[in-house]
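Undergrad: Single-letter residue listing:
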Amino acid sequence: MRFAYLLPLLALFGLSGCSSGSWGWYVVNPTTPSGQRNLMFLLDGLYYTLALSVTAILISVILGLLVALPGLATQRPPRIINRVYVEVVRAVPILVLILWVYYGLPQVADISISVFWAGVLALAISDSAFQAEIFRAGIQSVDRGQHEAAHSISLGYVDKMRFVILPQAIKRILPALGNQLVYMLKMSSLVSVIGMEELTRRANELVVTEYRPLEIYTVLVIEYLVLILLVSAAVRWLERRMGASDQR
Amino acid sequence: MRDSLPVRSPTATGGKSAVDGSAFISLRSVDKFFGDFQALDDVSLDIGLGQKIVVCGPSGSGKSTLIRCINRLETHDRGEIAIDGVKLDGGAAARAVLRNNVGMVFQQFNLFPHLSILDNLTLGPVRARGLELAAARELAEYYLARVKIPEQIDKYPHQLSGGQQQRVAIARALCMEPRIMLFDEPTSALDPEMIAEVLEVIEELAGSGMTMIVVTHEMGFAGHVADQMVFMDHGKIVEMAPPDTFFSTPESERCRTFLQQILRH
Ligand SMILES: Nc1ncnc2c1ncn2[C@@H]1O[C@H](COP(=O)(O)OP(=O)(O)OP(=O)(O)O)[C@@H](O)[C@H]1O
Ligand SMILES: [Mg+2]
Chain A
1 MRFAYLLPLL ALFGLSGCSS GSWGWYVVNP TTPSGQRNLM FLLDGLYYTL
51 ALSVTAILIS VILGLLVALP GLATQRPPRI INRVYVEVVR AVPILVLILW
101 VYYGLPQVAD ISISVFWAGV LALAISDSAF QAEIFRAGIQ SVDRGQHEAA
151 HSISLGYVDK MRFVILPQAI KRILPALGNQ LVYMLKMSSL VSVIGMEELT
201 RRANELVVTE YRPLEIYTVL VIEYLVLILL VSAAVRWLER RMGASDQR
Chain B
1 MRDSLPVRSP TATGGKSAVD GSAFISLRSV DKFFGDFQAL DDVSLDIGLG
51 QKIVVCGPSG SGKSTLIRCI NRLETHDRGE IAIDGVKLDG GAAARAVLRN
101 NVGMVFQQFN LFPHLSILDN LTLGPVRARG LELAAARELA EYYLARVKIP
151 EQIDKYPHQL SGGQQQRVAI ARALCMEPRI MLFDEPTSAL DPEMIAEVLE
201 VIEELAGSGM TMIVVTHEMG FAGHVADQMV FMDHGKIVEM APPDTFFSTP
251 ESERCRTFLQ QILRH
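Just so you know, the protein sequences line up as chains A and B, in that order. Take the first sequence: its position 154, counted from the start at 1, is 154 in this note's numbering, and no numbers get skipped. Take the second sequence: its position 114, counted from the start at 1, is 114 in this note's numbering, and no numbers get skipped.
Honestly, the hints are just simulated from the structure, not real lab data. Here a beta-carbon is modelled for each residue, glycine too, at the ideal position from N, C-alpha and C. Take these hints with a grain of salt, some might be off.
[Stated by the list, open to error] To give an idea of the interface, some chain B residues facing chain A are shown, with a C-beta separation under 10 Å as derived from the structure:
1. G103
2. M104
3. Q107
4. L111
5. R127
6. R146
7. M194
8. T257
[Said to hold, decoys possible] Pairwise CB distance ranges (calculated):
9. B:Q159 / A:I62: 31 to 41 Å
10. A:V92 / B:E177: 31 to 41 Å
11. A:G104 / B:A189: 20 to 30 Å
12. B:F247 / A:P78: 11 to 21 Å
[Said to hold, decoys possible] Sample of chain A residues lacking proximity to chain B, with all beta carbon distances greater than 12 Å (derived):
13. R76
14. R83
15. V88
16. R90
17. I153
Chain A extracted, bound-state conformation (with noise of 0.2 Å):
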C-alpha cells in the first residue's frame, strides 16, 4: 500500500466528523461564500511561495557553481575560498539569514530591499553552499578521461564545463536539486516573518481574524503536502526522461 502513511490523516479527518465540538469546518468550507473567499485567501499565498522557491533555486544552483569550480581547483587559494563560503553559510540559520538580509543589508550598503528579494536573496545564499557541494561531489564523479578527452581536442576550461563536464555532472546531482527544491519551497515559509505574503503568512494572517487554528493551519499541511508530492513527481519523471537517453 503505497498510500497507507495517509491513512493516519484520513482518521483525524473522520475523527472530526464526531467530535465536531473541536473541529470547525466551516471556515473552509468551499460550499460557503465566506469559506470560499478565505480559501482562495489561503491559496493565493501559492504564488508568493512558489515565485519565493523557483527565483531563490535559480540563483542559489548559479551561485553553488560559481562556488563549487573554484572548490575543484588544483591550486590551494580558490580551494580555501570555495572552503570558507560553505562553512560560513552553513552555520548561519535561515531564519538569522532572512533577518540579516532585511533589516542588517539596507543599513550595511545603503540600498532599499523588498520583502520578497530580500527573502529570495537570504533563501538562496543559504542554499548556495548545499547547491555549491552538490555541484562539486557531480562534478567530481564524472571520468578523468572526459577531461583528458577534452584536453586533447584542445577546448578550453570554459567549453570543457560547458559541453563535456556539466551535462554529465547536471545527470547525476538531478536528484538532489529536487531534494533542494523541495526544501527551498519549505524553507520559503520562513519569510513570513518579514512579512512576505506566501502561503505560511497568510495562514497566519487568517488565523488571526478567525480563531480557527486547527482548520487553517491543517489545510496549510495540505497545501505543502500536495505542492511537494507534485514537484517531487516531477522532479521524478525528469529523472526518467533525461536518464533514458543516457545508459552507460
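Use these hints to put chain B with the ligands onto chain A, whose structure you have.
TA: Below, chain B with the ligands without anything else, positioned relative to chain A:
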C-alpha cells in the same frame, strides 16, 4: 652487465627516416616526478615528421607518462619538449602548437557519452578550431568513413561495440587534423575479436604518412608499422632500434626478458 650499456642514441640509430638535427618532436633530458617518485628519468628522443615510434615496456615503466607529457596532460619537471620548434611551456604558443598538431587516442576511448557520434566529432573542430558546423560535419563524415563506420554517425557511444567506439575515438582525434597521433594502448581494453579492426585502421593511418607514437604490446603490429621501437623501464629509454634489430638482437638483458615474456603468448 649488458643492462648498463649506454642507450643507443636515437639520432645515431639511423632508422628508415633518420632525422637531421631538426626533429619535429624533440625531448631533451626530460624528467617527470609524481611526488618523490620519478616516472621519467632523463628521457631524450627525436622524432621526425612522418616517423612511427612504437613504445613498449613493463607496467609502470613510464610509457603513458611519456606520451602524456608530449600533449601536456602531464607537465614535465625538467628538461625540454619541443614540437615543430616550439617549446612546450604553459604559454599560448605552446597551446596553439598542440591544438594544430597533436591528437590522442586513449586506452578507455573516453568518448563523450552524452553526445552523438557526430557531436563527439564536431565539438573540437567547432569550439577549438572555429570551424563552421557544416564544415565540421563534412570533416566528421570524411573521417568516420576513413575508420569505416560512416553509418554510425547519429548513434550514441553506448550503442557501439568497443572496437567501433575506439574507431570513433580515432576519428575524433583526426577531425582536429593533427600531424602527430599519440596512441596509449589503443587495443588493451578491447575484446580479442575487435583488436584487428582497430589495428587495421591505425596501420592505414600509418600508411598515409601520419607521425605516430604508439604505446602497445601488439608486437606483430609493431613490426609492420614502427620505424623505431622504444623499450622503456623505470622511467628510462633503455633501448631504441628499428624493429628487425630490436626483435632479433635486443641489446639489454631487461629488454630481452621482456620480449620473451610478451612473445610467449
Ligand atoms: N597521477 C599520478 N600520480 C602518481 N603516480 C603516478 C601518476 N601517474 C602515473 N604514476 C606512476 O608513474 C609510473 C609510470 O606510470 P605510467 O602510467 O607512465 O606507466 P605505464 O608504462 O604506462 O604503465 P602501464 O603499462 O601499466 O600503463 C607508475 O609507477 C605510476 O604508478
Ligand atoms: Mg600506461
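Undergrad: A separate judgement is required for each hint: does it hold in the structure or not?
TA: Right, here's what the structure says about each hint:
1. A distance limit of 10 Å between C-beta atoms decides the matter here; for G103 of chain B the minimum to chain A is near 7 Å, and the interface restraint holds.
2. Interface restraint check: M104 of chain B against chain A, minimum CB-CB distance 4 Å, threshold 10 Å, status holds.
3. The closest approach between the C-beta of Q107 of chain B and any C-beta of chain A is roughly 9 Å, which is under the 10 Å cut-off, so the hint is satisfied.
4. Among the interface hints, the one on L111 of chain B holds; its C-beta lies about 7 Å from the nearest C-beta in chain A, closer than the 10 Å criterion.
5. Hint status for R127 of chain B relative to chain A: holds, with the closest Cβ pair at about 5 Å, below 10 Å.
6. Hint status for R146 of chain B: violated, given a least beta-carbon distance of 17 Å to chain A, over 10 Å.
7. About 18 Å separates the beta-carbon of M194 of chain B from the nearest beta-carbon of chain A, more than 10 Å, and the hint is not met.
8. Violation of the interface hint for T257 of chain B is found here, the shortest Cβ-Cβ separation to chain A being roughly 32 Å, above the 10 Å cut-off.
9. Hint check: Q159 of chain B to I62 of chain A, Cβ distance near 34 Å, so the stated range 31 to 41 Å holds.
10. Our hint of 31 to 41 Å for V92 of chain A and E177 of chain B is violated, since their Cβ atoms are close to 54 Å apart.
11. At roughly 58 Å, the beta carbons of G104 of chain A and A189 of chain B sit outside the given window of 20 to 30 Å.
12. Our hint of 11 to 21 Å for F247 of chain B and P78 of chain A is violated, since their Cβ atoms are close to 51 Å apart.
13. With 12 Å as the threshold on Cβ separation, the claim that R76 of chain A sits away from chain B holds: the shortest Cβ distance comes to roughly 16 Å.
14. At the 12 Å boundary, the C-beta of R83 of chain A stays outside the reach of chain B, the nearest C-beta of that chain being 23 Å off.
15. For V88 of chain A, the condition that its CB be more than 12 Å from all CB atoms of chain B holds, with the nearest at approximately 33 Å.
16. Annotated as non-interface, R90 of chain A keeps its C-beta farther than 12 Å from every C-beta of chain B; the closest such distance is 31 Å.
17. Not every Cβ of chain B is farther than 12 Å from the Cβ of I153 of chain A; the closest lies at roughly 3 Å, contradicting the non-interface assignment.
Checked against the numbered hints given earlier, the structure breaks hints 6, 7, 8, 10, 11, 12, 17 and satisfies all the rest.
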